[in-house]
Amino acid sequence: MSRAIKSALALVAGLALVLAPGGSGDCGRRRINVVKNRQESPADWQTEAWFGRKLAARILGNIPLWDRPAANRYLNLVGGGLALYAPAPGAVFTFGILDSEKANAYATPGGYIFVTRGAIARMRNEAELAAVLGHEIAHVACHHMAKSLGLNRHQDSALGGMAVLAGGATGSFRQAISQGLDKGLEILLETGYRREQELEADRLGMQLAVMAGYRKDGLTNFLKRIHGFEPSASRNDKSHPVWKIRLRHLEETMDELAKAPEAGRTGEDRFHEAFASLFDSDSVDAAGRVPE
Amino acid sequence: MLLGASLNDAGWADDQHYVNVLVGNRAGTLGGAYTALADDPSGCYYNPAGIAFAPYRSFSASMNVFQRSVKTYEQALADTGGNLHDWQQESSALLPNFFGVIKNSGKGVLGLSYAVPDAINRRQRQSFHSIRSNLPGNPVENFTIDINDSDRTFLFGPSYAVRLKDNLSLGGTLYVYYRDREVVRNQLLRFEQGQHYWINYYETRQDWGLRPMLGMIWEPDEKWALGLTATKTFVTSGKLKQQTTFRDSSAAAPYVIDGITYDFSDTDTIYFSSATSHPTDDLPLRLTLGASYFASPRFLVCMDLSFNQADDGREATWNVAAGAEYYPADAIALRIGLYSDRANTPALSSKAVNQQEHIDIYGATLGLAVFSQQSSLSLGIGYAKGDGEAQIVADSLTIQDATIENLTIFLAAGYSF
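If you read the protein sequences in the order shown, they are chains A and B.
The working numbering applies: residue 1 is where the first sequence begins, and numbers increase by one.
The working numbering applies: residue 1001 is where the second sequence begins, and numbers increase by one.
Chain A on its own, in the form it takes in the complex:
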């Protein structure tokens, strides 16, 4: 091969590597037979639910549930309404409030969704809560954790096809599970999902909220408020992309939805009634934090 051709190939490869934006993944490439095959695979959902339960237990080992049964029932009512519209036929969604003043929300595979009371304290209405829950439901529906860890049967990793392997748990398998759970917890609490996964969850989450009858600007309003409360959060919190990028994508998604911004319900009264203790002026400090 001549030197010129070698150089040209190296140049093309180098340019592509440098210029290629983090990307689209291979969603567009997937044909309908593959998409259907994956959506309708009970084995994958069983695998994810099995792993998700263990990961949820670890989360609860770090942050306990907020002991307010009525508030948790309300959360499940709102979340269950959204889950009806989720493209996740094999998931069983369960929602819980974590007793932490930090504002965050987490989803584990199979449908375990947590939101902190600190996040709820920064919300203004049910539409914002629905938007946050919709975002987390979307992480589950899009199998983001499963893809990151290689959980399903299409991925060749130590954890791939766990449902098949779980019956004959060996020492090396248990070690792989333990490492997988550590990695999952790291993604949820520290490193975060990949940027394109967060943007995908934003988009689908908004669509779920709108389909459930809520205003479409719930997540946008919440993110703006979070940014206002904690200006440094977008820089330090690696679990979410820079808030401006998310807001821009959310606004593009809102533009694509024909619904007017003011259309849809906010559910403000019901929200404040359910979380009255959080919004009691005596129990919320100036930054919106609830004392322990």
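Hints in this document: simulated from the structure, not taken from any laboratory.
All clues stand as given, with none of them false.
Derived list of chain B stretches under chain A, where covered just means 3 residues or more per stretch with a C-beta under 8 Å from a C-beta of chain A:
no., region
1, 1221–1233
2, 1293–1307
3, 1329–1337
Glycine is no exception: its CB is placed at the ideal position from the N, C-alpha and C atoms.
Following the hints, complete the assembly by docking chain B onto the known chain A.
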């Protein structure tokens, strides 16, 4: 020499085209436009970078092909009544054309594949009567030609691909190249005045080499994928054995060919020659650029543009292929492809002799694939036609019109796990 008594060897080899057999199940029915797709085991052959985009962690595929080809040299011989006769060669082969398996390994995808990109089983058995000759008043009473050629190229070896980013992959394939050729040609001419001319030629050739391929795929967005490959075949060892048995009782006087004097004044004389050589002729570099547009999960279109570099005896050659795939139902895919297979030889000149034939071929493919959860079954059909020129008679300025028609039937299966 007698008119029609010797074939132009240059016109009988079959190295003038680069797309002799379409390889791979999905790729074959897309006309071979697979450089930007390549996300199944046949990606090892078309673009190893593509296997990094395979939707399953393990995937195997096999394919069988039946190919029938008819090549016609029009009006090649004239009889004493002024009628012109075509020469016609047929080739048919049923062969396992591809097997490949890919599997996630480490941070990338490992592949192993076997492909037969070229397979010919050429036959010609024809007899002609009262053919004109250049012996005054002594036409050829009976001309019998019998040809049995087989020529197959095998590729087998590993591939590996990694995704450097979600939308960018690099891959390589290192094929072992093996070509096995056997040529048997027998011609007998009997003249009205009793003389005869007989030549039997036998050749075997085995080439071993390496065919590395480098490829990349880049998806600038969800709808588009671009692929690029470079490949070249290096023949590291070759063995060519040639045997010729020859008798010509029509010659009135001794004559010289290639420095050898042929004297048939003794009626029992038969000339026999045998030679062995070790040619190592590399094949030219090929660059292919492909693009795919994923219009929806049910519909895509793809296109390849390939360039084969010029080298000794071959001209630089461009080919194009295009394909489309549509899913009328979730588990059924229809595919269509168009492709060119242009000759790498120059157009024939009316002032030269012993020129290689020049036939540009254009083909179309149609395929149907049915999927279950973990397997697929595909059936395809291809048709190609080419028109051009040839010069099949040695040392003659006469040029014949030549046509090629190819019919191919594909049967393939895939299994993912």
